[in-house]
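Can you make the complete structure from the sequences, with help from the hints?
Chains as they are written, first to last, in my numbering: chain A, 854 to 1156; chain B, 854 to 1156.
The hints are simulated quantities; they were obtained by calculation from the structure and are not laboratory data.
Wrong hints could be hidden among the right ones.
In this list, chains with the same sequence are indistinguishable; a pair is considered to hold if it fits within one copy or across any two.
Said to hold, decoys possible - Calculated lysine-lysine pairs in the BS3-like style (CA-CA distance at most 25 Å, straight line):
| no. | residue 1 | residue 2 |
| --- | --- | --- |
| 1 | K1008 | K1129 |
| 2 | K1032 | K949 |
| 3 | K904 | K938 |
| 4 | K1017 | K979 |
| 5 | K1032 | K938 |
| 6 | K1129 | K907 |
| 7 | K1129 | K1007 |
| 8 | K938 | K907 |
| 9 | K938 | K1112 |
| 10 | K938 | K949 |
| 11 | K904 | K1129 |
| 12 | K1112 | K907 |
| 13 | K1118 | K938 |
| 14 | K1032 | K1017 |
| 15 | K949 | K1129 |
What follows is the residue order along each chain.
There are 2 protein chains.
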Amino acid sequence: MKFEVTILGSSSATPVFNRNPTAQLLNCNEKIYLIDCGEGTQQQMIRFGLKASKIDAVFISHLHGDHYFGLIGLLSTMHLNGRIKPFQIFAPPPLKEILEMQFRYSDTILRYEIDFIPTTADAPAKIFENQDMVVETIILNHRIPTTGFKFTEKKRQRKLRSEKLEADNIPLEYYPLLKRGLDLELPGGRIIANADYTIDSDAPKCYCYCSDTLADGSYLDSIRNCTMLYHEATFLDELLDRANMTHHTTALQAGSIAKDVGAGKLLIGHFSSRYKTLLPLLEEASGVFANTELALEGNTYSI
Amino acid sequence: MKFEVTILGSSSATPVFNRNPTAQLLNCNEKIYLIDCGEGTQQQMIRFGLKASKIDAVFISHLHGDHYFGLIGLLSTMHLNGRIKPFQIFAPPPLKEILEMQFRYSDTILRYEIDFIPTTADAPAKIFENQDMVVETIILNHRIPTTGFKFTEKKRQRKLRSEKLEADNIPLEYYPLLKRGLDLELPGGRIIANADYTIDSDAPKCYCYCSDTLADGSYLDSIRNCTMLYHEATFLDELLDRANMTHHTTALQAGSIAKDVGAGKLLIGHFSSRYKTLLPLLEEASGVFANTELALEGNTYSI
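Next comes the structure, spelled out in C-alpha cells:
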C-alpha cells in the first residue's frame, strides 16, 4: 500500500527564502489528504505538478494563519474548476464560520459539498476511518487550541503463499478465508492449517504529524512507536527560551522526542524565517536521533 | 515625481501557468499602494524583491477571492515582522468583519493600527487625498459590488526658470511665490511677471484601475483622458457571451474602451486560466488601440 507524504510548505509564520507556510500532502493508498494549508498551497501544488482535484480531505491543526490561510483559495479553485466530489474538512470549529462568511460575501455557492468535522483539543479522538486507515487527533500544547494528527494503517490481511496453495490444489474460493487467518476443514475432512499457507502481513505503519507545540511531553503517549514522526523544529536550541515563550519546539527537542517515543524516522519542519540555511537544524536533531531528515518542499518521503 | 505600477498578479479567478491572482503595487512619489491582493501576493513581493513594510495602504476592488485572499496573510506577516506604522485599507465593508474574525480566532492583536475605510459601489467618491494624489472610486458593473480606482496626481507648482532668475538677481525668498504662479512687486516697485520666470508644470497624470466589469460603458466618464488605463481583459472576443454572462470584458472591448475614453496607454490583465499564451489577447486589444501592453508579472510600467 502506498503511504507517503509530500512536503508543500516548510516555513513557520511567514513565507521566506522560497519556503512556503505549512502544508503536506499525504497519499494513503491513493486517497489523498492535505494536512494544513498555508497561503500559497495551491500554487505549490501547481509547481510540483499535483492535482487539487484529487484531494479527498484536509486536516487543519489550528487557526494560526500559516496553517490555513490557503484553504479558502484552494476551495474556491476546486469550485471554479468544476469539482463535484464532496470534500471533508477536519478542523477547529471556528473555521466553518470563517469559510462560510467568505463564501457568503463573494456570493459563492459551491458546486460540491463540504462535510465539516469539527475537532477539539480536549482529548485524543478518532476522527476518521476508512478501509485502509484510522486518523486520530494528538493534543498539542500551543498558544491556541491545536491538534496534531496520527494516521495509522489498519492491520492488513495475511499474505497468501501462492505457490504452495497451487501445488496443494487448494481451491480459489478458500483464499479469502485464509487471508483472514482462519484454519479450514475441506469437504471430506482435509484440514488446512492457516500457518502452512499464509504469512503475516507487514506491520501497520503510522505517521504522526506534530505541528506547533511546546515540547512538554504531554502528547508522547499518542505518538509512541510511530513509523515516521513529523515534528516541528522551529528554532535551534540556543533559542530555547524563545521556543518556550512562543510554545514551539527546538530541533534538539524534536530529536529527543523521536528518540523517547521510539519513532522509526523523524522529519523536521516549520523552520523559523531567521534560518536561511537549514543544515544546523538538521545537525542538531540528528545528533540526538540519527534517522532525521529535513522536510524539504517538493520532496516525497515514504512512510 | 515617480508614478509607476508593478504587476504582482495577472491571473483571473485561479492561479495557473505561473500567473498569480490579481495584485498591483503603485508607487506614487515613494508612497506605496497595493491595489487588490490575491493569494500569494506576499510571496510575489518576495520573488520580486519588494518590501511589504513599505506599503502604506491597500485598495481592494471587491470581495471575490482572487482579489483579496492574500490580504490576511500579508497583514499577519507585517505584524510578525514588527510593523508599527499604521496601515489603511480601502475596501467593501464586509472585509473588516472577515479580517477581524480571523485575527480573533488566531488570538492576534496587531502591533500596528488598521484604518479601515469602507468603499461603496453606489456612486464615484473621493476616498483618499494627500499632497501628491487624489484617489476616487470608479463604479464598475460586476456580479457583486465592485469599484475600480482612479489615482490622479495633483496639479503641481510651476517650474522655475533658474538661469533667468539668477541672471536677473531675483531674491530666493520670492521663489515659492513664483512657483505658485503669482506676479510680484519687489520693494522699490519693480514688477516681476510670473510668466517671464516660470513655465507650466507637467500636466497631472492619472492611472485608472478597472478590474472585473461588464464592458457596459457605464463608467467611461470616470476614466476619460487618463494617462494609463489598466483594464481587465479576461477573454478573447470569441467568448463575448461568456464575458457578458460572468460580467467580464474581452480584450477587444478593453481596446475599444481605451480608444473611446482617449487613454494614453492601455494595460490589460486578469487573464483567464484557459490562455496559456497571452499574445492573442494583446493582438486583439492592440488591433483597436495600438498603445496596449500586457500586464506581465514582475514588470513595472511608468505612468
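Next on the checklist: Reference check for the pair K1112 and K907, CA-CA at most 25 Å: within, between, both, or neither?
Outcome noted: neither (35 Å within a copy, 45 Å between copies)
Checklist entry - At most 25 Å between C-alpha atoms: does K938 with K907 qualify within a copy, between copies, both, or neither? => result within (9 Å within a copy, 43 Å between copies)
Checklist entry - Taking 25 Å as the upper bound on the Cα-Cα distance, should K1129 and K1007 be classified as within, between, both, or neither? => result neither (40 Å within a copy, 44 Å between copies)
Next on the checklist: One pair to classify: K938 and K949, alpha carbons no more than 25 Å apart. Within, between, both, or neither?
Outcome noted: So K938 and K949 pass the 25 Å test inside one copy only (19 Å; across, 32 Å).
Next on the checklist: As a check of your reading, is K1129 near K907 (CA-CA no more than 25 Å) within one copy, between copies, both or neither?
Outcome noted: between (33 Å within a copy, 22 Å between copies)
Checklist entry - When no copy is specified for K1032 and K1017, does a C-alpha distance of 25 Å or less occur within a copy, between copies, both, or neither? => result Classified as within: same-chain Cα gap 14 Å, cross-chain 103 Å, threshold 25 Å.
Next on the checklist: At most 25 Å between alpha carbons: which applies to K1017 and K979, within, between, both or neither?
Outcome noted: Result: close neither inside a copy nor across copies, 40 Å intra and 86 Å inter.
Checklist entry - Under a CA distance limit of 25 Å, which applies to K1032 and K938: within one copy, between copies, both, or neither? => result Close neither inside one copy (33 Å) nor across copies (67 Å); limit 25 Å.
Checklist entry - How would you label the pair K904, K938 (within, between, both, or neither) given a Cα cut-off of 25 Å? => result Intra 14 Å, inter 40 Å, cutoff 25 Å: intra-copy only.
Item to check | Copy assignment of K1008 with K1129, given that the CA separation must stay at most 25 Å | outcome: So K1008 and K1129 fail the 25 Å test inside a copy (42 Å) and across (47 Å) alike.
Checklist entry - Is the C-alpha distance from K1118 to K938 at most 25 Å within one copy, between copies, in both cases, or in neither? => result neither (34 Å within a copy, 45 Å between copies)
Checklist entry - When no copy is specified for K938 and K1112, does a C-alpha distance of 25 Å or less occur within a copy, between copies, both, or neither? => result Intra 41 Å, inter 45 Å, cutoff 25 Å: neither.
Hints 1, 2, 4, 5, 7, 9, 12, 13, 15, counting from the list given before, are not met by this structure.
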